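**Q** This is what each chain is made of:
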Amino acid sequence: MRVLCVAEKNSIAKSVANILGGGQVKRRDTKSKYIKNYDFTFDFGGYIGTAQVTMTSVSGHLTEASFPSEYNSWSSVPQDILFDARIITSVSKNANVLADNIKKEARNATYLYIWTDCDREGEHIGMEITNVARISNPQIRVIRADFNNLERKHIIQASKRPRELSKDAADAVSARIELDFRLGAIFTRLQTLQLQRAFEILQSKVISYGPCQFPTLGFVVDRWQRVEDFVPENFWSLKLVDKRERQTVNFTWKRNRVYDRLAAILFLEHCLDAKVAKVVKVNQKPTRRYKPLPLSTVELTKMGPKFLRISSKKTLELAESLYTNGFVSYPRTETDQFDSGMDLHGIIGKLTPSEDWGTFAQGLLDGNFRIPRKGKHNDRAHPPIHPISFVHRSALQSQDHWRVYELITRRFLACCSENAIGAETIIELQMGDELFSQKGLIILERNYLDVYPYDKWTGTGQLPAYQVGEEIMPNMLNIIDSVTTSPSYLTEPELIALMDVNGIGTDATMADHIEKVQEREYVVKRKKRGAATEFVPSSLGIALAKGYDEIGLEWSLTKPFLRKEMEVQLKNIETGHLDRDALVQMTLSQFRDVFHLTKQRFDCLKNSCRLYLIELNEG
Amino acid sequence: MTDTMLLREMEQRGIPLQDSWLLLVVNHLVHQRKYARENITTELVFPFFMASDIRTSTSGAGAAAYDISSQHNITLSNPLLVQVVRIREIGKSIVSQLEYLNQLEERKNLKGQQIIRLVDEEDQEDKEGDDSGIAEAQEAIFDGKGFKYMCRLVLEDANGQRFYGMEWKPIPGIQLDTDLGTKLVIHNAQEGRLMNGTENTFRRNYCKN
Numbered sequence: 001m002r003v004l005c006v007a008e009k010n011s012i013a014k015s016v017a018n019i020l021g022g023g024q025v026k027r028r029d030t031k032s033k034y035i036k037n038y039d040f041t042f043d044f045g046g047y048i049g050t051a052q053v054t055m056t057s058v059s060g061h062l063t064e065a066s067f068p069s070e071y072n073s074w075s076s077v078p079q080d081i082l083f084d085a086r087i088i089t090s091v092s093k094n095a096n097v098l099a100d101n102i103k104k105e106a107r108n109a110t111y112l113y114i115w116t117d118c119d120r121e122g123e124h125i126g127m128e129i130t131n132v133a134r135i136s137n138p139q140i141r142v143i144r145a146d147f148n149n150l151e152r153k154h155i156i157q158a159s160k161r162p163r164e165l166s167k168d169a170a171d172a173v174s175a176r177i178e179l180d181f182r183l184g185a186i187f188t189r190l191q192t193l194q195l196q197r198a199f200e201i202l203q204s205k206v207i208s209y210g211p212c213q214f215p216t217l218g219f220v221v222d223r224w225q226r227v228e229d230f231v232p233e234n235f236w237s238l239k240l241v242d243k244r245e246r247q248t249v250n251f252t253w254k255r256n257r258v259y260d261r262l263a264a265i266l267f268l269e270h271c272l273d274a275k276v277a278k279v280v281k282v283n284q285k286p287t288r289r290y291k292p293l294p295l296s297t298v299e300l301t302k303m304g305p306k307f308l309r310i311s312s313k314k315t316l317e318l319a320e321s322l323y324t325n326g327f328v329s330y331p332r333t334e335t336d337q338f339d340s341g342m343d344l345h346g347i348i349g350k351l352t353p354s355e356d357w358g359t360f361a362q363g364l365l366d367g368n369f370r371i372p373r374k375g376k377h378n379d380r381a382h383p384p385i386h387p388i389s390f391v392h393r394s395a396l397q398s399q400d401h402w403r404v405y406e407l408i409t410r411r412f413l414a415c416c417s418e419n420a421i422g423a424e425t426i427i428e429l430q431m432g433d434e435l436f437s438q439k440g441l442i443i444l445e446r447n448y449l450d451v452y453p454y455d456k457w458t459g460t461g462q463l464p465a466y467q468v469g470e471e472i473m474p475n476m477l478n479i480i481d482s483v484t485t486s487p488s489y490l491t492e493p494e495l496i497a498l499m500d501v502n503g504i505g506t507d508a509t510m511a512d513h514i515e516k517v518q519e520r521e522y523v524v525k526r527k528k529r530g531a532a533t534e535f536v537p538s539s540l541g542i543a544l545a546k547g548y549d550e551i552g553l554e555w556s557l558t559k560p561f562l563r564k565e566m567e568v569q570l571k572n573i574e575t576g577h578l579d580r581d582a583l584v585q586m587t588l589s590q591f592r593d594v595f596h597l598t599k600q601r602f603d604c605l606k607n608s609c610r611l612y613l614i615e616l617n618e619g
Numbered sequence: 001m002t003d004t005m006l007l008r009e010m011e012q013r014g015i016p017l018q019d020s021w022l023l024l025v026v027n028h029l030v031h032q033r034k035y036a037r038e039n040i041t042t043e044l045v046f047p048f049f050m051a052s053d054i055r056t057s058t059s060g061a062g063a064a065a066y067d068i069s070s071q072h073n074i075t076l077s078n079p080l081l082v083q084v085v086r087i088r089e090i091g092k093s094i095v096s097q098l099e100y101l102n103q104l105e106e107r108k109n110l111k112g113q114q115i116i117r118l119v120d121e122e123d124q125e126d127k128e129g130d131d132s133g134i135a136e137a138q139e140a141i142f143d144g145k146g147f148k149y150m151c152r153l154v155l156e157d158a159n160g161q162r163f164y165g166m167e168w169k170p171i172p173g174i175q176l177d178t179d180l181g182t183k184l185v186i187h188n189a190q191e192g193r194l195m196n197g198t199e200n201t202f203r204r205n206y207c208k209n
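Chains as they are written, first to last, in full-length UniProt numbering: chain A, 1 to 619; chain B, 1 to 209.
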């Protein structure tokens, strides 16, 4: 019996082969210098039994979409023809040697065992591999491994419990590929040709369109506009200060602020008429700061830029590298809740040798362990991102690898800890009809905060004693005048959060879209104060976003709704509730209307480019 | 009802109508709307009053005395009938208010869909000092509660005297989109101190409900 196993990348193939081969693995070169074949014997049990195994891999997608050559000319082919043009799916040039390797190895195999990543894209890649293998062996039987980390026991268990490839998930990706390809081609050609003709400055530029890129650009421009439009306004608030027990206590006005000086003066006068302030409430109560939720991909890609000053894309790449080396679990997951059957103690046990958090981990095992909080998401495919094994700092490729590993591990340990506990005192004073309050916080038990420096909870110290009913003469009661502060441009964590909540991209692709809009020079990343960075749109980005908004489409291409709806429908295909072709037809029909209206009113885009690329720059 | 009865009933509501104005309304109802004179009630007159300028429809009985500016720290015993001439939200910045209106308009144009522009994160350190109003507007629209905090009004009585009024506590029905010309009957109005500016002398009154 021969089994051909195919993984998504060589590093995974190597790791799985070493586990299943029990160290008795023979390596063979292929025509690709990056891909190897690993031969070993393994007992899969069940209906497969013991078999001669070859484990190999691909390098992501094998195939690419293209139009037949008669549609290649941008200038002579009307764009709307591309809505109905045939699409050719073929093995990409770079992947030819990989495909040849699979065909060759599949020839004498009984089973094709797919070991691609267990996500939607992985199912599609599995289908691509199947189609290639069946060229040389149409009778080959196809099974699929279900795994989410490279821990030895997990891989061995996964190998003995294969399932079928999910055609529905593969169909969802196939629909996405077709739509992104067609719509990208149509609108890119339309706007590039028109704008190149109209503006010398754009003559050599390809002005690309992407169904996720444009809403991403839209968020950046939207925030930029608010910063541009912002006008500072004066406001006034009352400040009441009391001094006792050698402490100065600043009380905050309950109305916070008013945007009218006369009103502030009236309120002040009312308070002064009262002469004294009365303590109306003294509340002491326990309070807590909740430990973090288990880590999902979106959260990881927000934390990378925020705490590590590493871009979201790089953070994800580092996490993937840690995964392929067996240090952390699969890093593309929407799930933020641990399954109740998961052996969290076992994982904590592996972390005790660490100098950095070993003592904390041991403390959890000795009685401080608490069940992690459950978030609202569960993709039913992968658990939250967590460490699989302990690794020493020096064993990792780079300092950045370590920092990401550290973040994942500390987050995991924090999830398994107790919430931080504090005692809060709230004091409320009434002077005339006006209320003032102050809160004091003492942190009694730091708990998870001891292992999780990414969260801050600062105590203010004990407030002096006040009694309800007590009358006090404030040390100071005054009007403070101030000015409102402008919003800031979007940071990367903010942009990811907006994309996530508005349904743009998936956890796996958001970072890519952010990179893409920068590559296309629609958005520029620049440093703000400190080491943080922010996004501002380029003149071209602004021109495109404003131009499309001016066209007056029911749902502008720079707004998230069209893509959000598509993502929802892609999920419906994945769960078998919608047919792939039906979604493609529905979406193309929608975009056909968008295309025609855009073409009809393209002058809006030209006017916008004229304004933002030429006139304002000249000014 | 006779005109006299109508006048009395309206006066009991704090609305001292002018005879001549009431006569015009009654005649209109009789001749244009074909009501029998004896069937005309205050409910029929009321809409006309609400749409009127109280300087022409009411007498000075509901107005403040002409020497009010020289009286200090008194509470007016009679109800004060005024109409809203100007209204301003002073608890929120103008930028916030515009943000709210823009988001509301956008939601209407997008048939109930809304773009989320700010995500509520547990760690809000970075958001301190952001007075864009985006968060407030978004929350107000999601909650459907409207965007009101505290209004300052310019009110005018039947004699054309103008006063500032300010909400001490929120009054239902008083908000930024309250129609100008809305009528208020204010009880126990307190007269505040006179303030002199360098160029203008203006009255500053406040009304407590």
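None of these hints come from the bench; they were simulated from the model.
Among the hints, a few may not be true.
Footprint (simulated), chain B over chain A, 3 or more residues, beta carbon under 8 Å [said to hold, decoys possible]:
#1 230 to 238
#2 280 to 286
#3 380 to 392
#4 485 to 496
All figures in this text were calculated on a predicted structure; none of them were measured in a lab.
Think of the CB as a built atom: it goes at the ideal place given N, C-alpha and C, for glycine as much as any other residue.
**Q** All the hints need checking, so say for each whether the structure fits it.
**A** Going through the hints against the structure:
no.: 1; hint: 230 to 238; verdict: holds (count 4)
no.: 2; hint: 280 to 286; verdict: violated (count 0)
no.: 3; hint: 380 to 392; verdict: violated (count 0)
no.: 4; hint: 485 to 496; verdict: holds (count 6)
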